[in-house]
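Novice: Each chain, letter by letter, is given below.
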Amino acid sequence: AQKVTQAQTEISVVEKEDVTLDCVYETRDTTYYLFWYKQPPSGELVFLIRRNSFDEQNEISGRYSWNFQKSTSSFNFTITASQVVDSAVYFCALSESIIQGAQKLVFGQGTRLTINP
Amino acid sequence: KAGVTQTPRYLIKTRGQQVTLSCSPISGHRSVSWYQQTPGQGLQFLFEYFSETQRNKGNFPGRFSGRQFSNSRSEMNVSTLELGDSALYLCASSEGTGLENQPQHFGDGTRLSIL
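Chains as they are written, first to last, in our numbering: chain A, 39 to 155; chain B, 300 to 414.
It is worth saying that the hints were derived from the structure and are not from the lab. Every value quoted in this text rests on a predicted model; they were computed, and no experiment measured them. Where a beta carbon is used, it is the ideal one built from N, C-alpha and C, also for glycine. Certain hints may be false.
Listed below are several chain B residues computed to face chain A (Cβ distance under 8 Å; list not exhaustive) [unchecked claim]: (1) Y309; (2) S332; (3) G341; (4) E347; (5) P402; (6) Q403; (7) D407.
Okay, derived cross-link-like pairs now, BS3-like style, lysine-lysine, Cα gap no bigger than 30 Å in a straight line [what the hints assert, rightly or not]: (8) K54/A with K76/A; (9) K356/B with K41/A; (10) K76/A with K41/A; (11) K76/A with K356/B; (12) K312/B with K356/B; (13) K108/A with K356/B; (14) K108/A with K41/A; (15) K312/B with K76/A; (16) K108/A with K76/A.
Sample of chain A residues with no beta-carbon within 12 Å of chain B, all distances over it, derived [stated by the list, open to error]: (17) K54; (18) S103; (19) S111; (20) V122; (21) A131; (22) T152.
Working from the sequences, and respecting the hints, build out all of it.
Specialist: Here it is, written out as structure tokens:
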């Protein structure tokens, strides 16, 4: 069965610090997709990144970077020089391709990130 | 492009009633998925519709049902409401085709409270 674990329930840091959110997943499939979403207080889940199981290249987008390591089944997310606007709940999710194009996202429990000024 | 639109934003019902939630996907998206978010269980997949057909289903009782119309708009219905159905219900849309799982884009959700 698929499972996503975000062991950090809450993280609180001071603005400008770097912070890493951990994500560990379990799946039996060889083809799968990993995602990170951000949920601000308004409730909407905002898509941040998608990575497929065949692409282990790390990715950087501005202050955000992602480290995908298949050997440890981890897909960690780092925010560099954090800002107050980064405060939100962050979810890691896993999707296996059941039918072409179909999706069923399995989410971790989320990490509540608070950036203090 | 307009995002995913869910109506209503808030809803209060009593036990035993039924409720219908609506979702309009991003223009051109043919796949609509529904998720339930509660503090205890987190985000859980309910079902996915594509071209008016349910393509995937989560582990929820039959009281939870949905449908999709020809314009890709979707509704979900919960009958015989229970206190435990109080949750944020999120709708997500994606293109729904192709070899790669396209990212799902979420609406603001409908917050359902059962009294």
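Novice: Hint by hint, note whether the structure agrees.
Specialist: Now for the hints, and whether the structure bears them out:
no., hint, result
1, Y309, "violated, 11 Å"
2, S332, "holds, 7 Å"
3, G341, "holds, 5 Å"
4, E347, "holds, 6 Å"
5, P402, "holds, 5 Å"
6, Q403, "holds, 6 Å"
7, D407, "holds, 5 Å"
8, K54/A with K76/A, "holds, 19 Å"
9, K356/B with K41/A, "holds, 17 Å"
10, K76/A with K41/A, "holds, 19 Å"
11, K76/A with K356/B, "holds, 24 Å"
12, K312/B with K356/B, "holds, 25 Å"
13, K108/A with K356/B, "holds, 28 Å"
14, K108/A with K41/A, "holds, 15 Å"
15, K312/B with K76/A, "holds, 29 Å"
16, K108/A with K76/A, "holds, 23 Å"
17, K54, "holds, 29 Å"
18, S103, "holds, 18 Å"
19, S111, "holds, 18 Å"
20, V122, "holds, 22 Å"
21, A131, "violated, 8 Å"
22, T152, "holds, 17 Å"
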